[in-house]
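The residues making up each chain are set out below.
There are 2 protein chains.
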Amino acid sequence: MKSDIEIARAASMKPVTEIAAKLDIPGEALQQYGPYKAKVAAPFIGSLKDRKDGGLVLVTAVNPTPAGEGKTTTTVGLGDALNRIGKKAAICIREPSLGPCFGMKGGAAGGGMAQVVPMEDINLHFTGDFHAITSAHNLLAAMIDNHIYWGNALEIDQRRVVWRRVLDMNDRALRSIVSSLGGVANGFPSEAGFDITVASEVMAILCLATDLADLQKRLGDIIVAYRRDKSAVTCRDIKADGAMTVLLKEAMQPNLVQTLENNPAFIHGGPFANIAHGCNSVIATKTALKLADYVVTEAGFGADLGAEKFFDIKCRKAGLKPKAVVIVATIRALKYNGGVKKDALTEENVAALKKGCVNLGRHIKNVRQFGVTAVVAINHFTSDTDAEVATVQAYAEELGAEAIVCRHWADGSAGTEDLARRVVEIVDSGTAQFAPLYKDHLSLFEKIETVAKRIYRADEVMADQSVRDQLKAWEAAGFGDLPVCMAKTQYSFSTDPTLLGAPEHHSVAVREVRLSAGAGFVVAICGSIMTMPGLPRVPAAEGIGLGPDGEIEGLF
Amino acid sequence: MKSDIEIARAASMKPVTEIAAKLDIPGEALQQYGPYKAKVAAPFIGSLKDRKDGGLVLVTAVNPTPAGEGKTTTTVGLGDALNRIGKKAAICIREPSLGPCFGMKGGAAGGGMAQVVPMEDINLHFTGDFHAITSAHNLLAAMIDNHIYWGNALEIDQRRVVWRRVLDMNDRALRSIVSSLGGVANGFPSEAGFDITVASEVMAILCLATDLADLQKRLGDIIVAYRRDKSAVTCRDIKADGAMTVLLKEAMQPNLVQTLENNPAFIHGGPFANIAHGCNSVIATKTALKLADYVVTEAGFGADLGAEKFFDIKCRKAGLKPKAVVIVATIRALKYNGGVKKDALTEENVAALKKGCVNLGRHIKNVRQFGVTAVVAINHFTSDTDAEVATVQAYAEELGAEAIVCRHWADGSAGTEDLARRVVEIVDSGTAQFAPLYKDHLSLFEKIETVAKRIYRADEVMADQSVRDQLKAWEAAGFGDLPVCMAKTQYSFSTDPTLLGAPEHHSVAVREVRLSAGAGFVVAICGSIMTMPGLPRVPAAEGIGLGPDGEIEGLF
Chain A
1 MKSDIEIARA
11 ASMKPVTEIA
21 AKLDIPGEAL
31 QQYGPYKAKV
41 AAPFIGSLKD
51 RKDGGLVLVT
61 AVNPTPAGEG
71 KTTTTVGLGD
81 ALNRIGKKAA
91 ICIREPSLGP
101 CFGMKGGAAG
111 GGMAQVVPME
121 DINLHFTGDF
131 HAITSAHNLL
141 AAMIDNHIYW
151 GNALEIDQRR
161 VVWRRVLDMN
171 DRALRSIVSS
181 LGGVANGFPS
191 EAGFDITVAS
201 EVMAILCLAT
211 DLADLQKRLG
221 DIIVAYRRDK
231 SAVTCRDIKA
241 DGAMTVLLKE
251 AMQPNLVQTL
261 ENNPAFIHGG
271 PFANIAHGCN
281 SVIATKTALK
291 LADYVVTEAG
301 FGADLGAEKF
311 FDIKCRKAGL
321 KPKAVVIVAT
331 IRALKYNGGV
341 KKDALTEENV
351 AALKKGCVNL
361 GRHIKNVRQF
371 GVTAVVAINH
381 FTSDTDAEVA
391 TVQAYAEELG
401 AEAIVCRHWA
411 DGSAGTEDLA
421 RRVVEIVDSG
431 TAQFAPLYKD
441 HLSLFEKIET
451 VAKRIYRADE
461 VMADQSVRDQ
471 LKAWEAAGFG
481 DLPVCMAKTQ
491 YSFSTDPTLL
501 GAPEHHSVAV
511 REVRLSAGAG
521 FVVAICGSIM
531 TMPGLPRVPA
541 AEGIGLGPDG
551 EIEGLF
Chain B
1001 MKSDIEIARA
1011 ASMKPVTEIA
1021 AKLDIPGEAL
1031 QQYGPYKAKV
1041 AAPFIGSLKD
1051 RKDGGLVLVT
1061 AVNPTPAGEG
1071 KTTTTVGLGD
1081 ALNRIGKKAA
1091 ICIREPSLGP
1101 CFGMKGGAAG
1111 GGMAQVVPME
1121 DINLHFTGDF
1131 HAITSAHNLL
1141 AAMIDNHIYW
1151 GNALEIDQRR
1161 VVWRRVLDMN
1171 DRALRSIVSS
1181 LGGVANGFPS
1191 EAGFDITVAS
1201 EVMAILCLAT
1211 DLADLQKRLG
1221 DIIVAYRRDK
1231 SAVTCRDIKA
1241 DGAMTVLLKE
1251 AMQPNLVQTL
1261 ENNPAFIHGG
1271 PFANIAHGCN
1281 SVIATKTALK
1291 LADYVVTEAG
1301 FGADLGAEKF
1311 FDIKCRKAGL
1321 KPKAVVIVAT
1331 IRALKYNGGV
1341 KKDALTEENV
1351 AALKKGCVNL
1361 GRHIKNVRQF
1371 GVTAVVAINH
1381 FTSDTDAEVA
1391 TVQAYAEELG
1401 AEAIVCRHWA
1411 DGSAGTEDLA
1421 RRVVEIVDSG
1431 TAQFAPLYKD
1441 HLSLFEKIET
1451 VAKRIYRADE
1461 VMADQSVRDQ
1471 LKAWEAAGFG
1481 DLPVCMAKTQ
1491 YSFSTDPTLL
1501 GAPEHHSVAV
1511 REVRLSAGAG
1521 FVVAICGSIM
1531 TMPGLPRVPA
1541 AEGIGLGPDG
1551 EIEGLF
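Going down the list, the protein sequences come from chains A and B. In terms of the numbering used here, the first sequence opens at residue 1 and continues consecutively. In terms of the numbering used here, the second sequence opens at residue 1001 and continues consecutively.
Only chain A is shown next, with the shape it has when bound in the complex (with noise of 0.2 Å):
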């Protein structure tokens, strides 16, 4: 088997002009970034609003191990199967980040004989959508202090500026920060910090963001800083909303490339899974609806924290109807979750298959309660046995599943016809009922309450008093009515990444709260969320450089 870069290389790309052609955009509605990219453009865009939308699929995933789901990759199958049947299908994901491109080796095109291209120009720069955030975001930071530094009418309390700053790059040095030093002229000492950019919140209002009116209205709410009575300070107070939708204009387009097999593919905005929704942008989803029959996109992490934030806060904001959910599970992965260490999983286990099979079933039952049905994907590895193979399908008929085997990555397309044909069954049966989990009015607390105990299976959550008391100030501040973001590892239901399978009876403690009011939903902190990664002692950007073809080498 090629490695992935060999198969990306040797893809044969189409000019992303014919890439559109399939979805009946016209060549003046693109905006080439080289002859494979292209942005959509907003008044084509526009015109689009009376169609009628396609069916959207979600692609989710059981709890992320070591031994790797591949979801992605699933989407990218799931899409060249659904483009072979005969299907006008689209799929959406997400932007990968470039900082942890240096740090730990791998790309996010995908992978196998399902994977995107130019895979190189969309790990790296790519039409310069994050770099834009990262502008806008800083643009933001900069105006706060310089409103501080000459007068500070606004009587901000500079000890209570709440926007950090961003950067696209795993550094370490400067999660905590002591800025303005040197004296007057830099401005008054203060704590600050930088998070890597898909933590922006700038990323999850574009990601959230239905056109340019609402991005800048949006970008207006975001609370920037508190005086000394809480009062809040808005970036719409700071007068930067304006020219930080301008530096988004472009950003705010999506992006169409093309799968190994010259499939349409929009990549489009990546914020965090965990202290923002994990998902692309609705203007992305709500573009490749309106042009495809069918839509397949995919949420962070496992669906425990990506298909209900998918749910209760995309689709719940953005009026998105879902039609039908695939759940990729790796034999290896449910083999971990049955206790298997990472070394032995391409032994056949199915004792232990059996066992962690659970961390499945919840997941399944779980999609449920959002009224949508839920195929399962076995994404095959060589590894796997037939006899594990018939466990998993066995226990998935059991909750009244299908579990369908995918060789998406040996075989592409061909690989995932028969999960494609079952997907399509799905959502032309007509049978999906979505609704969020929780309704709008219920108390921020509440709301928190009703996905620990529904989706995690806790039996309480705790919170300390001035974390409720918090809540209850932005309730009557009239943010009662948002959903709520958790943050929580996404290793387990629990907030204990080390509780694998379906842990019952545990407790979710929220530590923190923190309110994105321009996304639009409230942040639970359960446990330590690192905003800012950092680099391994041999980051993979050691190895990276051009060839002597002048090729890339090194990044996947």
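Worth flagging that the hints you see were computed from the coordinates, not collected in a lab.
Below 27 Å or equal to it, Euclidean Cα-Cα: the simulated DSS-like pairs (lysine-lysine) are:
#1 A:K14 - B:K1014
#2 A:K249 - B:K1014
#3 B:K1249 - A:K2
#4 A:K249 - B:K1002
#5 B:K1249 - A:K249
#6 A:K14 - B:K1249
This structure is a prediction, so every number in the text was calculated from the model and none was measured.
Given the coordinates of chain A, assemble chain B onto it according to the supplied hints.
Structure of chain B alone, referenced to chain A:
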């Protein structure tokens, strides 16, 4: 008269493929960024190397004043006029920095009828070059701290890390910070800081590198820190040079856009003109010279800084042989140099003008020291009187030079035809005998003295023993052959910004010297140099936004 932005918007742009065709660049050699911007692909540039070069013309100016001189405008006007009189001509200018657009109002793409377009794109993210430089620069910074964090095998003295970080933003709060606070996981607390991206040595390197191999070599040569024994640690030691080159691969390709009159304009790179050399990229200039018979380029600030560095750094290093020089002057700027206050510049004042002409005179004489003939372009303002124009022309004639009135701002190329004809005469005469001001083998201090005495007309250069010792140490380490890059005020020949005209008998104090080993020059800092601007009391950003028609407002 319409505003710059109104003119730019009313421009009838042609597809960049048509602009490229004027220089016989085939469509497949372009990487398009939308219909009006393109990068010229590296393989095509490589294929040009055996062609003969066109004639290179430098546009420089008298010392900058608050009145404005219009160097970029004149460069654009001259390029258009050369095309108008039937010559195959292109211009090469710098990319504007994004950060300052949000500070003081005003972009940097020419003005009036002499502009480059699409103006908003050029002034905002353009083709992402500066973002790529920011990423490459900050990757190196993260890798240095990461190296120290994981055991510091290179034995870096963490107090002597000289590689700062950069952002393309005016943010005074980041000038001086303490990083790595917050505990063990975040590294070792250190003094650190950010410069604006145009001040990055990576920017200077990108602008001096001849190809990707040279780029990587120069990046590797960057000195990032010193050990306790004062020995240098380089970017190559950190193993960041390969990954940085990958990040800069696209950015190394020159950008092609057009003037309002649909003539080709290369806009590529934009290093600071004080701590760096202030010229557009070597690769853009060399590419243009292979494609056009006449290439008009500009250098930063006045001729004392910009032209001197263009000659002594860019031309010396790249083997360029300029054929003619245009010195831009305005009647207003010369009156200001003659002692007239800013608010009285529109009144006729021949006496003050005569007095101020000494500034122009010295620049004319200075340029001749490089073996190139200078012609004066009087960038005409409506308030200029005939008597004033005649005064400048008579003054230039006394020096054996010619001063030609240019009306490109009001009339476009039609207003600059006379200048174009004279420039063609000078270039075609073959009389230019370009040579840098000093030889490589002089000591570093002698080089500084040469510039100070022969260009600034100082009597002496003062420097502490520590500065002289540092220069000697670099000579001993093999850096003695490098040219010097003078960082001083742009407003005067001296280091005192208030000494207008043509001051003599002054002293130049070198406060500090810095080694840009990758770019290949030694920076001599004479006075206070700001490498991270701040925002003004009312930043331009407050007035920037999208208008009701979706057009960008307030940017210019």
